[in-house]
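**Q** Take these sequences, add in the hints, and give me the full structure.
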Amino acid sequence: MEEEILCDDYRALEGVKLPDKIELHRGDAKYNITVTRAIINGTIGERVFDFPIKSQVKLPDVKALFKEIDDNQKVIDKIKETTPARKQKKKPNTMATEE
1 MEEEILCDDY
11 RALEGVKLPD
21 KIELHRGDAK
31 YNITVTRAII
41 NGTIGERVFD
51 FPIKSQVKLP
61 DVKALFKEID
71 DNQKVIDKIK
81 ETTPARKQKK
91 KPNTMATEE
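Using the working numbering, the first residue of the sequence shown is number 1, and each one after it goes up by one.
No lab work stands behind these hints: they were computed from the structure.
From the three backbone atoms N, C-alpha and C, an ideal C-beta is built for every residue, glycine too.
A portion of the hints provided could be inaccurate.
[Unchecked claim] With beta-carbon atoms standing in for the labels, derived distance ranges:
#1 Pro52 x Pro84: 49 to 57 Å
#2 Thr34 x Glu3: 15 to 23 Å
#3 Lys78 x Leu13: 51 to 59 Å
#4 Arg26 x Leu59: 18 to 26 Å
#5 Asp50 x Pro84: 40 to 48 Å
#6 Ile22 x Phe49: 18 to 26 Å
#7 Pro52 x Leu24: 12 to 20 Å
#8 Asp77 x Lys17: 53 to 61 Å
#9 Glu2 x Phe51: 24 to 32 Å
#10 Tyr10 x Phe51: 49 to 57 Å
#11 Thr43 x Ala12: 17 to 25 Å
[Claimed, not checked] Cross-link-like lysine-lysine pairs, in silico, BS3-like; alpha carbons within 30 Å at most:
#12 Lys67 x Lys78
#13 Lys58 x Lys80
#14 Lys63 x Lys78
#15 Lys30 x Lys17
#16 Lys67 x Lys30
#17 Lys80 x Lys63
#18 Lys78 x Lys58
#19 Lys74 x Lys63
**A** Set out below in structure tokens:
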């Protein structure tokens, strides 16, 4: 997929020129991005990286999902410990070889 990024309306922030307007073309889609705030080497909290919360869309609780996966894996491991292993018989090699 082709992508083109156009930057415009630069301003200096702590000696670094940053664009205030970014236009992204990705395939047939076009996105206009306006930078409202920029900080150079600032401190950010972990919540910045959380999924955005929309009023009508409830996102999954990833931590709870991983806990559920871990719990299920522990149950599977316990079943494997108590279930006798079955040995599979090897099928004879029927491929002819040249000598």
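**Q** Confirm or reject each hint.
**A** Hint check:
no. : hint                      : verdict
1   : Pro52 x Pro84: 49 to 57 Å : 50 Å, holds
2   : Thr34 x Glu3: 15 to 23 Å  : 19 Å, holds
3   : Lys78 x Leu13: 51 to 59 Å : 57 Å, holds
4   : Arg26 x Leu59: 18 to 26 Å : 23 Å, holds
5   : Asp50 x Pro84: 40 to 48 Å : 46 Å, holds
6   : Ile22 x Phe49: 18 to 26 Å : 20 Å, holds
7   : Pro52 x Leu24: 12 to 20 Å : 18 Å, holds
8   : Asp77 x Lys17: 53 to 61 Å : 56 Å, holds
9   : Glu2 x Phe51: 24 to 32 Å  : 28 Å, holds
10  : Tyr10 x Phe51: 49 to 57 Å : 31 Å, violated
11  : Thr43 x Ala12: 17 to 25 Å : 22 Å, holds
12  : Lys67 x Lys78             : 17 Å, holds
13  : Lys58 x Lys80             : 36 Å, violated
14  : Lys63 x Lys78             : 23 Å, holds
15  : Lys30 x Lys17             : 24 Å, holds
16  : Lys67 x Lys30             : 39 Å, violated
17  : Lys80 x Lys63             : 26 Å, holds
18  : Lys78 x Lys58             : 33 Å, violated
19  : Lys74 x Lys63             : 17 Å, holds
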